[in-house]
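Student: Protein sequences, first through last, are from chains A and B.
Using the working numbering, the letters of the first sequence correspond one by one to residues 1 to 653.
Using the working numbering, the letters of the second sequence correspond one by one to residues 1 to 342.
Calculated directly from the structure, the hints in this document are not laboratory data.
Where hints are given, some of them may not hold.
Each computed BS3-like pair below joins lysine-lysine, with the alpha-carbon atoms no more than 30 Å apart [stated by the list, open to error]:
#, chain 1, residue 1, chain 2, residue 2
1, B, K129, A, K194
2, B, K159, A, K151
3, A, K170, B, K159
Some chain A residues flagged as far from chain B (calculated, every beta-carbon gap over 10 Å) [what the hints assert, rightly or not]:
#, residue
4, I63
5, F79
6, K84
7, I590
8, I606
As the structure is a computational prediction, the values presented were derived from the model and not from experiment.
Quick reminder that beta carbons are idealized off the backbone N, C-alpha and C, glycines included.
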Amino acid sequence: MAIKKLRMMNAVCERSSLDAILSELITDGNCGFIDAFLEIDEGDFSIGIAEENADRILDMEDITPLVENKKLKRVSESFDDLMKAIQYTPNMKHETIAHDVVVEQVIMETEAFCEAFSLKRDTLKQLEERLDYLKRLKVLECAKHIEIDFKRLVEMNFFTMKFGYLTREKAKRISQNYDHIKALVFHIGTAEEKELYMIISPKSLDLEMSRILRSTDFYELNIDSNLLDTPKNMLMKIEMEIERNLGQQQALQDEMGKGLEPRKAEIDRLMTQLTTCSKVNEIKRYVAVTEELAYFAAWVPEASLTMVTSVMNGYRDALVTFKHQDEVSQRIQTPTLMVNHWFFRPFETLIKMYGVPSHTELDPTPFFGVAYILMFGAMFGDLGQGLVISLAGLIISKRGGHDMGGVLVRIGFGAMLFGVLYDSFFGYENLISRWLPIPIYLRPIENIMTILLLSIIMGLILVYISLVYGIINKLRQGDYQEGLFGRNGINGTILLSALLLYGYGVAAGTSLISNRILLAVMLLCVTLLLIKQPLSRFISKEEHLYEETLSAYYVEAGFDIFETLLSMLSNTASFIRIGAFALNHVGLFIAFHTLSEMIGTTFGNILMFILGNAIIIGLEGLVVFIQGLRLFYYELFSKYYLGEGILFEPDHL
Amino acid sequence: MTNSSIHAAPVAKAHVMMGYLIDKEGFETLIKVDSAEDVIRSLATRPQYQSFLTQEQLASQPVEMAIKQAFFNVYEKLYHYYIGAYRDFFKALLLRYEVENIKYLIRRVHNLSHFNISPKTLLIPSVYKTISYENLMKAKQLSTLIEALSGTPYRELLKPFIDEEPAKMLFHMEMVLDRYYFNVLRDRMGQLNKMDRQLMLKLLGVNIDLLNIQWIYRGIHFFNISPEEIFNFTLSGGLKFDYKALKALCYYSLEAFRRELDKSEYNIVFNTREYLMEREMERYLYYEIDKILKVNAQTIATPVALLFKFEYEIRDVLTILEAIRFKSTEIESYLIRDLRRD
Chain A
1 MAIKKLRMMN AVCERSSLDA ILSELITDGN CGFIDAFLEI DEGDFSIGIA
51 EENADRILDM EDITPLVENK KLKRVSESFD DLMKAIQYTP NMKHETIAHD
101 VVVEQVIMET EAFCEAFSLK RDTLKQLEER LDYLKRLKVL ECAKHIEIDF
151 KRLVEMNFFT MKFGYLTREK AKRISQNYDH IKALVFHIGT AEEKELYMII
201 SPKSLDLEMS RILRSTDFYE LNIDSNLLDT PKNMLMKIEM EIERNLGQQQ
251 ALQDEMGKGL EPRKAEIDRL MTQLTTCSKV NEIKRYVAVT EELAYFAAWV
301 PEASLTMVTS VMNGYRDALV TFKHQDEVSQ RIQTPTLMVN HWFFRPFETL
351 IKMYGVPSHT ELDPTPFFGV AYILMFGAMF GDLGQGLVIS LAGLIISKRG
401 GHDMGGVLVR IGFGAMLFGV LYDSFFGYEN LISRWLPIPI YLRPIENIMT
451 ILLLSIIMGL ILVYISLVYG IINKLRQGDY QEGLFGRNGI NGTILLSALL
501 LYGYGVAAGT SLISNRILLA VMLLCVTLLL IKQPLSRFIS KEEHLYEETL
551 SAYYVEAGFD IFETLLSMLS NTASFIRIGA FALNHVGLFI AFHTLSEMIG
601 TTFGNILMFI LGNAIIIGLE GLVVFIQGLR LFYYELFSKY YLGEGILFEP
651 DHL
Chain B
1 MTNSSIHAAP VAKAHVMMGY LIDKEGFETL IKVDSAEDVI RSLATRPQYQ
51 SFLTQEQLAS QPVEMAIKQA FFNVYEKLYH YYIGAYRDFF KALLLRYEVE
101 NIKYLIRRVH NLSHFNISPK TLLIPSVYKT ISYENLMKAK QLSTLIEALS
151 GTPYRELLKP FIDEEPAKML FHMEMVLDRY YFNVLRDRMG QLNKMDRQLM
201 LKLLGVNIDL LNIQWIYRGI HFFNISPEEI FNFTLSGGLK FDYKALKALC
251 YYSLEAFRRE LDKSEYNIVF NTREYLMERE MERYLYYEID KILKVNAQTI
301 ATPVALLFKF EYEIRDVLTI LEAIRFKSTE IESYLIRDLR RD
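Required output: the full structure, derived from the provided sequences and hints.
Tutor: As C-alpha cells, this is what we get:
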C-alpha cells in the first residue's frame with residue numbers, strides 16, 4: 001500500500017522475434033516502454049556482460065532507431081474509415097490475439113477485407129461529397145431575388161462570369177480601382193457571414209482577371225452545368241437532389257450493414273490484430289536496432305518481474321536484465337507506481353489533482369483518505385444526508401465514474417458516522433438519540449466552544465502527522481537542511497510544539513514545562529532556522545556555506561522566520577473551519593426549519609424539508625468538499641508533499 | 001479596468017528590462033571586439049542573457065539559438081502578466097514567428113541548397129504553436145509542405161500560388177503570409193482599450209506603410225506583377241498613405257515612384273543602397289518606437305517597445321557575430337541602430 005518499486009528492463013532479442021515479444025508484453029500490460037536511445041546515450045544500456053554476449057555489445061556500434069511501418073498506419077486508418085462508414089463499432093477480442101502473427105499478413109487480410117467493400121464505400125464517399133457540395137450551394141438562397149438564368153450568363157460568348165466569395169474590404173479595393181480593372185463586380189448578398197459576389201469581365205482578359213481575383217482571396221463557387229438555371233429553380237433542383245441522395249445513402253448503408261452481419265467475428269478479429277500491431281508499431285519508435293538485433297528498455301513493476309521474465313524466456317536468444325531505480329541515470333526520471341488498498345484507491349484521483357508523488361516520496365493516499373473522510377464527516381455530519389451522498393456515489397460508480405463515485409461513497413460514510421455523533425438525521429436533531437438512547441451525542445449547536453476546540457485539536461493532529469511524513473520524505477531524499485533544520489523538519493516540529501505549550505500555559509495559567517525552558521527552546525529553534533543553510537553545509541563539509549551572498553541570505557532567512565511563525569499560527573487557526581462548518585451545517589437547516597414553520601402547512605413543511613436538504617447536500621456539500629481539499633492542499637501538503645513525479649503508465653492494449 | 005491597473009506590473013517589469021538592454025556605448029564596444037567568444041562572454045554578463053549563455057547551454061545548441069531563447073523568455077514573462085484581450089494581442093504578436101517559420105520552410109523546399117539547415121534554428125514560441133513542425137520539416141516538395149499545413153489557415157492562403165513561376169511564387173506567398181499576420185494583429189488590436197488601441201494602430205500604420213512601399217517596389221519593379229494585383233495585395237490602415245496614394249504609387253514609373261517617396265516621411269528608406277532597404281525600414285521603426293515611448297508612460301507602448309527593442313538588439317548582436325565570422329569590416333552599416341545618431 002504505497003509507492004511500489006519499479007525496475008528498468010534492458011532487453012535484447014532477435015529482430016525476427018521482436019514483434020511477438022512486444023505483442024506479448026503489451027497484452028500483459030506490465031511494461032512502460034521508454035526510448036532505448038535514452039539508455040544507450042547515457043551509456044547505461046546493459047545486457048549483462050557475459051562472454052557469450054560479447055558480440056552483441058560489439059554490435060551496438062551500428063545501432064539505429066527503428067522506422068515506423070507507415071503502411072500499417074494507412075491500412076488501419078482506412079479500416080477505421082470503413083467501420084465509420086458502415087456504422088459498426090468492432091469489439092476487442094483478446095482471445096483472438098496471435099503473438100506470432102506477421103504484420104504483413106494482417107495488412108494483407110485487412111486490405112482484402114476493405115477491398116470487398118471498396119466499391120460500395122467509394123459510392124458512399126461520392127454521395128457524401130456530393131451532399132456536401134449541394135449543401136454549400138444553398139447559399140444561393142441570398143440570390144433568390146435575381147431572376148436571371150445563370151445558364152445564359154455562363155454561356156456568354158465574350159464575357160466570363162464568376163460567382164463566389166469575396167471579403168467586403170477586397171471588393172472595395174476592386175471598386176477603388178475601377179479605372180484600371182475591366183470588370184463588373186456585383187454584390188449578390190450575404191450568406192453565413194460571407195459576401196457573395198458576381199464578377200463579369202471580357203473573355204480576352206481572363207488571365208489578368210484570374211490573377212487579380214487571386215490577389216483578393218476570391219473563392220469561386222462552381223455551379224454544375226446541369227443545375228444552372230435561375231437561382232430559385234436552382235435551389236429547387238438542389239433540394240430535390242439532396243433528398244434523393246440521402247435516400248440512396250441510407251439504402252447503401254443498410255445494404256452494407258447486411259453484407260457485414262455474417263462477417264462480424266472476422267471484423268472483430270481483424271480489429272484486435274490491427275490494434276495489437278499498431279500498438280507494437282507505436283512502441284517500436286522506442287526500439288533501437290542493428291542488422292540482426294533489437295534493443296528495448298522499459299519500466300517494470302517489481303511484482304511483475306517474473307511474468308515479464310517468463311515471457312522473455314519463451315524466446316530463444318532473448319536477453320534481459322533488470323536494474324534498480326538508483327542504477328538508472330538521473331536524467332531518466334523514474335515514474336511512480338501507486339498501488340493502494342481498494343478502500344483508498346479512489347482518493348488517488350484527488351491526490352493526482354495536486355500532483356503525482358515522486359518515487360522517493362511516501363504515498364500520501366492512505367493518510368489523505370482517512371483524514372479526508374473524517375474531515376468531511378466532521379464538517380458535514382448528518383446520517384441521512386451522508387447516506388444520500390453515499391448512494392449518489394454508488395450510482396456514479398455504476399455509471400463508470402469509479403473514482404469520483406468511490407470518493408463520494410466513502411466521504412458519505414464519514415458524514416453518516418459523524419451524523420450519529422451529532423445526533424442529526426436529515427437536519428433533525430434528537431431523532432437518533434430517541435432511537436438509540438446512549439450517552440455519546442455531541443450536538444454542535446449546543447457545544448459551540450467544544451466543537452471549535454476539537455476541530456483545532458484535530459487539525460493539530462493532522463499537522464503533526466504531516467510533519468512526520470515531511471521529515472521522512474526529506475531525510476529519504478537526503479535533504480538534511482530542510483529535514484533537520486527546516487521549518488517543516490524536526491526543528492520546525494519542535495518549534496511548533498514549544499509555541500503550543502507556551503500558548504497553552506498562557507491561556508490555562510498553568511504551564512506544563514517552565515516558560516523559561518520553552519523560551520530557550522524557541523530561541524534555539526529560531527536560530528537554527530536562521531542558519532540552516534550554512535549549518536547543514538558545514539556538517540556535510542561543502543565548500544561554499546552560502547548559495548547566495550551573505551546579506552541576501554540573511555535578509556531572506558529573516559523574512560522566512562517571520563513567515564514561519566505567522567504561518568504556524570494561521571495554519572493552526574485554519575482548522576477552526578472544520579468546527580465552523582459543522583455549526584454552519586446545523587445553522588442552515590435551522591433557517592429552513594424556520595421558513596417551514598412560517599409557511600405553517602404540511603405541504604410547506606414537506607417542501608422546505610426537501611428543498612432545504614437538497615440545497616444543503618448540493619451546495620454545502622460542494623463547499624465542504626472544496627474546503628476539505630483546500631485544507632489538505634494548502635495547510636498539509638505544503639508541509640510534506642511535492643507531487644513532482646510522473647505517473648507510471650504501462651503500455652497495454 | 002483602468003490602463004494603469006492593466007499595465008502597472010508589465011510596465012514596471014519592461015522598464016527594468018529596458019535598462020538591461022545594450023546601449024549605444026555597449027554596441028560601440030561590441031563592434032570592436034574581434035572574436036565571437038569575446039562577444040558571447042560580454043553578453044553573458046548581462047542579466048537578459050546570463051542564464052542562456054552558460055557553458056552547458058552552449059554545449060547543446062548554437063549560440064544563435066541560445067540568444068533567441070533569451071528573447072522568448074522575456075516575451076513569455078511579459079505575456080503572463082496579461083489576461084483577456086491583451087493576452088490575445090501579445091499572442092498575436094507571436095504569430096509573426098510562426099509566419100516567418102513558414103516562410104523559411106517554403107524557401108527551404110524551394111531552394112534545396114538550404115536543406116541541411118537544422119530545424120533547431122527555427123524560432124518556435126511555446127505559447128503560440130498552431131502547426132506541427134515535425135511534419136513540415138519532413139516535406140521535401142512545396143505541394144507536400146502545403147498539404148502538411150492542412151487544418152490551418154495557411155493552406156488556403158498559399159495554395160492558389162503553387163503553380164506560379166518560382167520567383168514570383170515566393171514573393172506572392174510571403175505577401176499573403178504577411179498580410180494574414182497583419183490582419184490578425186489588427187483584429188486583436190481592435191479589442192484593446194481606446195488609448196492602447198490608438199497607439200498600436202499608429203505603430204501598425206507605420207509598419208503597414210513600410211510594408212506596402214516595399215511590396216509595390218519589389219512587386220512591380222522586380223517581379224513584373226501587374227499594378228492591379230499589387231494594389232489588391234496592399235494593406236489598408238497605413239498611417240501616411242491612404243488608398244489613393246497607394247494606388248498612385250502602384251501606377252508610377254520607377255523614377256516617379258522614387259520622387260514621390262523622396263517627398264514623404266519615408267525618404268530615408270530608399271536613399272541608400274537597395275540591399276539595405278530592409279535594414280533601413282527596421283531602423284526607421286526603431287526610432288519611431290523611441291518617439292512613442294517618450295510620451296506614453298502607463299500604456300501598452302512600454303512592453304511592446306521593449307519587445308521590439310530587445311528583438312532589434314538580438315538581431316544586431318547576431319549581425320555582429322555573423323560579421324565576425326565573415327570578417328566583414330562594415331559591421332556598423334548593417335546594424336539596425338544608427339551608431340552615429342545621437
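Student: For the pair supplied as a hint, B:K129 and A:K194, confirm whether the alpha-carbon distance does not exceed 30 Å.
Tutor: holds, 27 Å
Student: Are the Cα positions of B:K159 and A:K151 separated by 30 Å at most?
Tutor: holds, 29 Å
Student: Regarding the assertion that A:K84 does not contact chain B, is the least Cβ-Cβ distance greater than 10 Å?
Tutor: holds, 19 Å
Student: Need the status of pair A:K170, B:K159: alpha-carbon distance at most 30 Å?
Tutor: The given pair, whose Cα atoms are some 19 Å apart, holds under the 30 Å limit.
Student: Would you check whether the claim that A:I606 is not at the interface survives, using Cβ distances to chain B and the 10 Å cut-off?
Tutor: Given that every Cβ of chain B is farther than 10 Å from that of A:I606, nearest at about 47 Å, it holds.
Student: Mind verifying the non-interface call on A:I590? Its CB should be farther than 10 Å from each CB in chain B.
Tutor: holds, 42 Å
Student: Beyond 10 Å from every Cβ of chain B: is that where the Cβ of A:F79 lies?
Tutor: holds, 22 Å
Student: Take a quick look at A:I63 and tell me if its Cβ sits farther than 10 Å from every Cβ on chain B, holds or violated.
Tutor: Holds: least Cβ distance 21 Å, greater than 10 Å.
When the structure is compared with the earlier hints, no violation turns up for any of them.
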